[in-house]
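K.L.:
If you want the building blocks of each chain, they are given just below.
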Amino acid sequence: MRHIIQHALLGLLIGAVLRDELKSNSVHGQSILKNEATVTAIPHTEGSLRWHRDWMNEVFPILEEQCSHCHWSTVEAEAGLEFDKLSDAGMALENHRVLKSIVRAVDSGDMPPENPMDPGLRKKVQSWYEDSYRPSLRALPGPHSPRRLSRHELRYSIASVFGFEPEVAIIEAEQTVVEKSLVLKLLPLDPPGQSGFTNDTHTNPLTETHWEQLSLIVDSALETLLGSEREQLLSQLIGKEITNPVDSSDAILVLEAIYERAFRRPPPENFLERAIMRIQSKEDDELLKELKSEVKAILLSPLFLYRGLLTAPEQSADDALVGRVPSEPLNNFDLDSAWPVDDYELASRLSFFLWCEAPDRALLNVAARGDLSQSKIYREQINRMLDDDRSKRLAEHFAVEWLSLSEIEKVSNNPPVAHALLSQPIDYFDYLIRENRPITELLASNYTFANAHTAKFYPKDRRHLATYRKQRGIEVEALANQRLELASTTERGGILTMPGVLAMNRGPVVRGTWMLEKILGVHLPDPPANIGQVPSNEKGEDLTFRERFELHRSQPSCASCHQFIDPLGFALDRYTRDGSYLSNDDAKRMGIDTRGELPDGQSFSDFAELRELLLSVKSEQVARNLVERLLSYALCRELEWFDEVTVDTIVEKLIKIGENGSSFREEVTFHDLIILVADSLPFTHSR
Amino acid sequence: MASKASSATHTEVPLRFVTLFKPNGVHPPSWNINEGSEFDFRMSPMMAPFEKHKDDLLILDNMGDFGFSSHANSTRRFLSGHHRNTNSASVDQIIADKIRGESPVRSLELTTEGLFPNQIGCSYISYDQQGEPIPRESDPQLVFDRLFRNPMQNVSKRKELKSVLDRVIEDSRDLLRHSGVEDRRILDQYLSVVRGTEKKLDRIAEQTPDIQPATLQRPLAPGNLDEQVEAMLDLIAVSLWTDSTRCVSYMLGNSNSRMIFDFLGISEQHHYLSHFFRNFSRPNLDALLKISLWHMEKFDSLMNRLKGFSDHSGRLLDHCVVLFGSGMGHSDNHTATRIPIVLAGQGSGRLKTGRYLRYAENQELGSLHLSLLRLFGVDVTRFGESQVPLPGLDGSPIEAYQEKIFESWIRYQGEEVEVQGRLRLSDDLNEARIFYVDVKGSPPLRIDVEFRDFHHFNLAYHCGTPIRLRAQWRDQNGSRVITKLETLDSVFGKAPGTARG
Numbered sequence: 001m002r003h004i005i006q007h008a009l010l011g012l013l014i015g016a017v018l019r020d021e022l023k024s025n026s027v028h029g030q031s032i033l034k035n036e037a038t039v040t041a042i043p044h045t046e047g048s049l050r051w052h053r054d055w056m057n058e059v060f061p062i063l064e065e066q067c068s069h070c071h072w073s074t075v076e077a078e079a080g081l082e083f084d085k086l087s088d089a090g091m092a093l094e095n096h097r098v099l100k101s102i103v104r105a106v107d108s109g110d111m112p113p114e115n116p117m118d119p120g121l122r123k124k125v126q127s128w129y130e131d132s133y134r135p136s137l138r139a140l141p142g143p144h145s146p147r148r149l150s151r152h153e154l155r156y157s158i159a160s161v162f163g164f165e166p167e168v169a170i171i172e173a174e175q176t177v178v179e180k181s182l183v184l185k186l187l188p189l190d191p192p193g194q195s196g197f198t199n200d201t202h203t204n205p206l207t208e209t210h211w212e213q214l215s216l217i218v219d220s221a222l223e224t225l226l227g228s229e230r231e232q233l234l235s236q237l238i239g240k241e242i243t244n245p246v247d248s249s250d251a252i253l254v255l256e257a258i259y260e261r262a263f264r265r266p267p268p269e270n271f272l273e274r275a276i277m278r279i280q281s282k283e284d285d286e287l288l289k290e291l292k293s294e295v296k297a298i299l300l301s302p303l304f305l306y307r308g309l310l311t312a313p314e315q316s317a318d319d320a321l322v323g324r325v326p327s328e329p330l331n332n333f334d335l336d337s338a339w340p341v342d343d344y345e346l347a348s349r350l351s352f353f354l355w356c357e358a359p360d361r362a363l364l365n366v367a368a369r370g371d372l373s374q375s376k377i378y379r380e381q382i383n384r385m386l387d388d389d390r391s392k393r394l395a396e397h398f399a400v401e402w403l404s405l406s407e408i409e410k411v412s413n414n415p416p417v418a419h420a421l422l423s424q425p426i427d428y429f430d431y432l433i434r435e436n437r438p439i440t441e442l443l444a445s446n447y448t449f450a451n452a453h454t455a456k457f458y459p460k461d462r463r464h465l466a467t468y469r470k471q472r473g474i475e476v477e478a479l480a481n482q483r484l485e486l487a488s489t490t491e492r493g494g495i496l497t498m499p500g501v502l503a504m505n506r507g508p509v510v511r512g513t514w515m516l517e518k519i520l521g522v523h524l525p526d527p528p529a530n531i532g533q534v535p536s537n538e539k540g541e542d543l544t545f546r547e548r549f550e551l552h553r554s555q556p557s558c559a560s561c562h563q564f565i566d567p568l569g570f571a572l573d574r575y576t577r578d579g580s581y582l583s584n585d586d587a588k589r590m591g592i593d594t595r596g597e598l599p600d601g602q603s604f605s606d607f608a609e610l611r612e613l614l615l616s617v618k619s620e621q622v623a624r625n626l627v628e629r630l631l632s633y634a635l636c637r638e639l640e641w642f643d644e645v646t647v648d649t650i651v652e653k654l655i656k657i658g659e660n661g662s663s664f665r666e667e668v669t670f671h672d673l674i675i676l677v678a679d680s681l682p683f684t685h686s687r
Numbered sequence: 001m002a003s004k005a006s007s008a009t010h011t012e013v014p015l016r017f018v019t020l021f022k023p024n025g026v027h028p029p030s031w032n033i034n035e036g037s038e039f040d041f042r043m044s045p046m047m048a049p050f051e052k053h054k055d056d057l058l059i060l061d062n063m064g065d066f067g068f069s070s071h072a073n074s075t076r077r078f079l080s081g082h083h084r085n086t087n088s089a090s091v092d093q094i095i096a097d098k099i100r101g102e103s104p105v106r107s108l109e110l111t112t113e114g115l116f117p118n119q120i121g122c123s124y125i126s127y128d129q130q131g132e133p134i135p136r137e138s139d140p141q142l143v144f145d146r147l148f149r150n151p152m153q154n155v156s157k158r159k160e161l162k163s164v165l166d167r168v169i170e171d172s173r174d175l176l177r178h179s180g181v182e183d184r185r186i187l188d189q190y191l192s193v194v195r196g197t198e199k200k201l202d203r204i205a206e207q208t209p210d211i212q213p214a215t216l217q218r219p220l221a222p223g224n225l226d227e228q229v230e231a232m233l234d235l236i237a238v239s240l241w242t243d244s245t246r247c248v249s250y251m252l253g254n255s256n257s258r259m260i261f262d263f264l265g266i267s268e269q270h271h272y273l274s275h276f277f278r279n280f281s282r283p284n285l286d287a288l289l290k291i292s293l294w295h296m297e298k299f300d301s302l303m304n305r306l307k308g309f310s311d312h313s314g315r316l317l318d319h320c321v322v323l324f325g326s327g328m329g330h331s332d333n334h335t336a337t338r339i340p341i342v343l344a345g346q347g348s349g350r351l352k353t354g355r356y357l358r359y360a361e362n363q364e365l366g367s368l369h370l371s372l373l374r375l376f377g378v379d380v381t382r383f384g385e386s387q388v389p390l391p392g393l394d395g396s397p398i399e400a401y402q403e404k405i406f407e408s409w410i411r412y413q414g415e416e417v418e419v420q421g422r423l424r425l426s427d428d429l430n431e432a433r434i435f436y437v438d439v440k441g442s443p444p445l446r447i448d449v450e451f452r453d454f455h456h457f458n459l460a461y462h463c464g465t466p467i468r469l470r471a472q473w474r475d476q477n478g479s480r481v482i483t484k485l486e487t488l489d490s491v492f493g494k495a496p497g498t499a500r501g
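So the protein lines, in turn, are chains A and B.
Residue numbers for the first sequence follow our numbering, so the first one is 1 and each next one is one higher.
Residue numbers for the second sequence follow our numbering, so the first one is 1 and each next one is one higher.
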């Protein structure tokens, strides 16, 4: 462990100096240089020393010479990128993602925009990255880092602990928006963390507001639990008939059950002992009163409110390695700083990943037997959990947050219509997971989910939907979706052509940026300020929007990003702002031009061809991005340099599954992906 | 159990203001009082549920001066005077500031259902000083817990919470002994949050004595709208009586509520039914009237509760002003005239009840609000777009509605008819889409037109007033009936407001 401490100290020093010097640098709103000194261990192998040396002596000087007139703290840095901050190899490593994008931009010749780098220099940067830097990276699990449960995790976990969800009394009517969940109503919204996901609560700690609202929520739930249906609800909790009046031995059983469900493991011995002492001699009202404060203390305990707390082995790391054998070879990472998490922690990670809630009794029982780390049983549990309705939360939370689908709610202020547009990708994604469909069906399929509100987008196939007859006296109502075969509709299928997704991203630039970031995983810097409007046609000119736009953004500093964005966005130009598809005549009349070219030269004439490219030549990039996003969601944190190899490994395994079967396109399924993530080193280990 | 109010040493009696809002306007033939004077009047069939409170009511008529009005605008006007008054507080909020005194909660804003985002203004009557809508609460248990189980105000709850705090602090200290650096950082952070709450409780403990009755019954979880509203009305009365708050606004639903009154055996949406002309059918009208009667019963319920508590050597109601009403009059074509407005309670002698006031002209709601503000001692000269307070609330004289004398006649010419007389809705609730023109000396002329004509000529606006119209008539079962309107004019030149409300 010694080197961790050394580097942490070094990190503190660097951090202290930098904090004073740096103004905030941002790439898409995130600081590229972290405020907190959280410099992690740099693998101190021979290789790492080499890349370290080469960076300082060879590569960084190239950047200094070639990029400093735009990306330096002494100038108004383009895209907020100040490369002088990367002069130290440790800081370069900390900003792994920036590093990757620099190398990519140099390698492709996109940067510097006006005078492409000399091929020799380009080669130097490239080979440093490929031959020196990347090989020195090691897969490591993330550092032990407890975090509070997110609002959604609290909501589902409180419901699973009590056996019912605390609800708000409010009448539900069509076309209105209600919040039935007391937890969601009272707890403040979780902003997305560095990873972009709200389960990444690292930078959003518990506040007094959380604590006080939780106190109110728990009180309210306890009124129900110990209210008129007391015997029934308590019997349900302990799986044994309780008769009136509740006696202290029943109360102890109740406490044990709640402790285990809330803490996701048996409570520390003295917790339970003290509780038993307090409750033992009491009866009737006194007993219920005591039970109430015991349960409240459990639900407000840090062991309920935080994930991963006190799961680090107390003893030396060597002892801790006895137990689960991970699927990665152990020599891939530093033995002395990592440990496989215990079965209870593994159960928690799995359950929060797949269900967004604390493990259920069945999973805890497997963990209690110490069986969960057995590969076969682990997979059985994953399959059981994916089969369960609760796995829909992967669609509702992972997919919605990854693809920013909640933007769809802004498309219509009529809730049944907004519901139809948003539930479409959610139901679709849920189906892909539940039915274990190929991951490529995310982008292309010959079926979709629709209802009477979205039927108009499928004129050629809508007759296959069951006829909808509105009940008398109902004006507009939210409807469930049906699976719809797209027998004659070639312009739809997959997430990208769903009307809600198209309508939430209005215009080619927004659509192109969204596709680049969300589907291809390319992160672009913010556009420069004062870019002005796209000019309208001057007298005598008759240019389409696309032509005028392309003139407007022909400056090198614009083109460097727009050359990627625009072809993707304009490929979708036959889909209108509300997501409808233009007829041939309309498209011709409006001069719609959907042709384009990918940066590496493949051309396409319309979106269907672009989609084919995404599924063939770009399939690895698409899959890699999906792996990165899902892994990041599962780990509830942003991916770091030490995750790079893990991602590589998962992508390679997915490709191998495709090679062993008929094709990547047909063989590689969502279950494959989920199992590989759940089985990965960082998911099963900590350090 | 002693209320703070009755045991308090303050000599000044607290004044309270309660608003109860009825969604989706009214069905005028059942609501309107068509004859009668200030002290001598007969309440309408719809008012039957609260007829017994006649002596405590001040029923206002000819309120509102807009021809057509959207749900959202008419809702804004209900407490804000004018729909353009979008950057000041609604009248209840200004009153709340004036009368709050020592009461712990400034005001309660309550409702029964969710938000209607398509026209968000339908969901709010109370607005803050910037004119922003104030979030509403629908759950009686939640309101109860915040009012009466709040550890910041309730000593026994404070003790309970303190013991839980002690326990989690003790447990966390235990945990600290086993924790590494990162766990310790988290636990320290947790403990600082817990201690923050603890400190807050300690500060409160030093400051205020226990003022809340400990024996109040927490409402049960409601099973339907009726139970939810009854529990809330209970809570309103109790919170006023215990002087927990002095100002409450309660919406029985959004102004265009889509709620389904299944507990009354109705399966159509309220808004759909409220368009009783467009969607006319006998069962639809029955259902609408059933819902409206339920609203009236809830007003009755509130009155009973406010009368049931004694307060400062009188009834709680004696020290309240209650405003009951809706945003629009005619619920089918959204005419915002003859809006149902009933004041109740004596406001500690400021309001003179047991009366029916029908003003000569259609009155701006802003005038009513201006009068209410004055009544509560708020010194203002204008509110919304109104500068003239509504006279009569305290018994001062008003210009009462008196029909000017007009001639009535009828002339047939082929298939056309020209007629002058008073337009009115059918008295028969079985045919609520039928109008009549009364002509002296001849039988009333029946009008049975399509919705388009009804709306285009705004029959609902002119209802009850003398008009002159030209139309086509047909023979139906031996009597003449107007089936298509050509022109319609007010005899005294009345016209709906030009601004689209």
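The set of hints was computed from the structure by calculation and includes no laboratory data.
Idealized CB from N, CA, C, for every residue including glycine.
Some hints could be false.
[To be verified] Residues from chain B that face chain A, not an exhaustive set, calculated with beta carbons under 10 angstroms:
{"id": "1", "residue": "Gly114"}
{"id": "2", "residue": "Gln119"}
{"id": "3", "residue": "Gln153"}
{"id": "4", "residue": "Val155"}
{"id": "5", "residue": "Lys157"}
{"id": "6", "residue": "Ser163"}
{"id": "7", "residue": "Glu170"}
{"id": "8", "residue": "Ser172"}
{"id": "9", "residue": "Val194"}
{"id": "10", "residue": "Thr215"}
{"id": "11", "residue": "Leu225"}
{"id": "12", "residue": "Arg258"}
{"id": "13", "residue": "Leu273"}
{"id": "14", "residue": "Ala287"}
{"id": "15", "residue": "Gly493"}
{"id": "16", "residue": "Ala495"}
[Stated by the list, open to error] Straight-line alpha carbon distances no greater than 25 angstroms define the calculated DSS-like cross-link-like pairs of lysine-lysine that follow:
{"id": "17", "chain 1": "A", "residue 1": "Lys100", "chain 2": "A", "residue 2": "Lys618"}
{"id": "18", "chain 1": "B", "residue 1": "Lys54", "chain 2": "A", "residue 2": "Lys289"}
{"id": "19", "chain 1": "A", "residue 1": "Lys292", "chain 2": "B", "residue 2": "Lys307"}
{"id": "20", "chain 1": "A", "residue 1": "Lys292", "chain 2": "B", "residue 2": "Lys199"}
{"id": "21", "chain 1": "B", "residue 1": "Lys54", "chain 2": "B", "residue 2": "Lys307"}
{"id": "22", "chain 1": "A", "residue 1": "Lys282", "chain 2": "B", "residue 2": "Lys162"}
{"id": "23", "chain 1": "B", "residue 1": "Lys162", "chain 2": "B", "residue 2": "Lys199"}
{"id": "24", "chain 1": "A", "residue 1": "Lys292", "chain 2": "B", "residue 2": "Lys162"}
{"id": "25", "chain 1": "B", "residue 1": "Lys159", "chain 2": "A", "residue 2": "Lys470"}
{"id": "26", "chain 1": "A", "residue 1": "Lys240", "chain 2": "A", "residue 2": "Lys282"}
K.L.:
All the hints need checking, so say for each whether the structure fits it.
P.N.:
Against the structure, the hints:
no.	hint	result
1	Gly114	holds (3 angstroms)
2	Gln119	holds (8 angstroms)
3	Gln153	violated (13 angstroms)
4	Val155	violated (16 angstroms)
5	Lys157	holds (9 angstroms)
6	Ser163	holds (6 angstroms)
7	Glu170	holds (8 angstroms)
8	Ser172	holds (6 angstroms)
9	Val194	holds (7 angstroms)
10	Thr215	violated (14 angstroms)
11	Leu225	holds (5 angstroms)
12	Arg258	holds (4 angstroms)
13	Leu273	holds (7 angstroms)
14	Ala287	holds (8 angstroms)
15	Gly493	violated (37 angstroms)
16	Ala495	violated (31 angstroms)
17	Lys100/A - Lys618/A	holds (18 angstroms)
18	Lys54/B - Lys289/A	violated (48 angstroms)
19	Lys292/A - Lys307/B	violated (37 angstroms)
20	Lys292/A - Lys199/B	holds (23 angstroms)
21	Lys54/B - Lys307/B	holds (13 angstroms)
22	Lys282/A - Lys162/B	holds (20 angstroms)
23	Lys162/B - Lys199/B	holds (10 angstroms)
24	Lys292/A - Lys162/B	holds (14 angstroms)
25	Lys159/B - Lys470/A	violated (55 angstroms)
26	Lys240/A - Lys282/A	holds (21 angstroms)
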